[in-house]
Amino acid sequence: MTGVVVGGWEYVIAAYAITFAVLGGYGVSLFLRLRGERGAGDREETR
Amino acid sequence: MATTSNERRPIAAYALLGIAVVLFAIGSYIGLAVAPPEHYMGDVQRIMYVHVPTAWVAMVTLLCAFASALAFLFGRKWKWDARMEAFIEVGVLLSALLCVQGSIWAKPTWGVWWDWDPRLTTTAVMLFAFIGILALRRFVEDPVRRATWSAVATIVAFADVPIVYFSVKWWNTLHQVQSTPETVDGPMITPLRINAFAMLFLMMGFVRLRTRLAARRLEDELAPPLPARGESERLAAAGGEA
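These protein sequences, in sequence, are chains A and B.
Read in our numbering, the first sequence has 30 at position 27, and its numbers run on one by one without any break.
Read in our numbering, the second sequence has 738 at position 82, and its numbers run on one by one without any break.
Just so you know, the hints here were simulated from the structure itself, not pulled from any lab data.
Owing to the predicted nature of the structure, the values given are computational and were not obtained by experimental measurement.
A couple of the hints might just be wrong.
One side only, chain A facing chain B, incomplete, derived with CB under 8 Å [what the hints assert, rightly or not]: (1) VAL8; (2) VAL9; (3) GLY11; (4) TRP12; (5) TYR14; (6) ALA17; (7) TYR19; (8) LEU26; (9) TYR29; (10) GLY30; (11) VAL31; (12) LEU33; (13) LEU35; (14) LEU37; (15) ARG38; (16) GLU40.
Every residue gets a Cβ at the ideal spot worked out from N, C-alpha and C, and that includes glycine.
Just chain A, same shape as in the assembly:
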């Protein structure tokens, strides 16, 4: 045992992939929710 961590790229890749997937997914969900709200607002106005 040297106390030095060897390798571990799979953990690095997992951390970055989860981070960007979660942030990207939340951004897309916000965009879709806003678009849905805007569409609902437009339909209310034309009614």
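Using the hints provided, position chain B relative to the given structure of chain A.
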């Protein structure tokens, strides 16, 4: 009909998100490919370039939620309620992400995914406290009660945030002390700073978009109810406005 600022396209929010994506690309490239591996943790330490910015910005976001709660209680303006909701939701997202990233870093360095040490425990308390406030906002229908109760709950829950920050100084924990320019080596500071600004711009963009959603719902809830169909036709026939 003139459009209100809430109906215009959120150009500023999209610009902030665009800047964040560019900064993340640069910061992550430097962190993954240019910065040297750490002496003891090796390449696993590269998780720091996303974990630490997430921690910093999560705390800043919850601080802004706290400030919005105070502003609502003292100013009684609905815009602060909408902002508080946005800051809490984005803060919860970042806090949850923080716990996941920390677990992934803990496994190869500590040998466990999770440990009930003071830093991790206080972070988990912070996360679940703010999830509770989001649940409260979901279940209370009256907007006045919802805003007041959740503002008070936010102030109470925020008491844990400084405890999270100082936990590594106050107690003997498994978690390392805060990463600052004094505790991080020179070549590692650049990607850390770039990703920190990327996360900050991303948070600001998300909060602007989420605030619009919250404000839209408040407008619907606070608008006077429309008259029934028969009533509006009778008013129109009489020359009145429905």
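Hints, verified against the model:
Taking 8 Å as the C-beta cut-off, the interface hint given for A/VAL8 holds, the closest approach to chain B being about 5 Å. The closest approach between the C-beta of A/VAL9 and any C-beta of chain B is roughly 6 Å, which is under the 8 Å cut-off, so the hint is satisfied. With a least beta-carbon distance of about 4 Å to chain B, the hint placing A/GLY11 at the interface is held under the 8 Å criterion. The interface hint given for A/TRP12 holds, since its Cβ lies 6 Å from the closest Cβ of chain B, which is under the 8 Å cut-off.
For A/TYR14, the shortest C-beta to C-beta distance to chain B is roughly 5 Å, which falls under 8 Å, so the interface hint holds. Because the closest C-beta pair between A/ALA17 and chain B is about 5 Å apart, less than 8 Å, the hint holds. Taken as an interface hint, A/TYR19 checks out: its beta carbon lies about 6 Å from the nearest beta carbon of chain B, inside 8 Å. For A/LEU26, the interface hint holds, since its Cβ comes within 8 Å of a Cβ in chain B; the closest pair sits about 6 Å apart.
Among the interface hints, the one on A/TYR29 holds; its C-beta lies about 6 Å from the nearest C-beta in chain B, closer than the 8 Å criterion. For A/GLY30, the interface hint holds, the least distance from its beta-carbon to any beta-carbon of chain B being 6 Å, beneath 8 Å. For A/VAL31, the suggested interface contact is broken, since its CB lies about 11 Å from the closest CB of chain B, more than 8 Å. Hint status for A/LEU33 relative to chain B: holds, with the closest Cβ pair at about 5 Å, below 8 Å.
Using the Cβ-Cβ criterion of 8 Å, the hint placing A/LEU35 at the interface with chain B is not satisfied: the shortest such distance is roughly 11 Å. Using the Cβ-Cβ criterion of 8 Å, the hint placing A/LEU37 at the interface with chain B is satisfied: the shortest such distance is roughly 6 Å. The beta carbon of A/ARG38 is not positioned within 8 Å of any beta carbon in chain B (closest approach about 11 Å), and the interface hint is therefore violated. A least Cβ separation of about 5 Å between A/GLU40 and chain B falls short of the 8 Å threshold, and the interface hint therefore holds.
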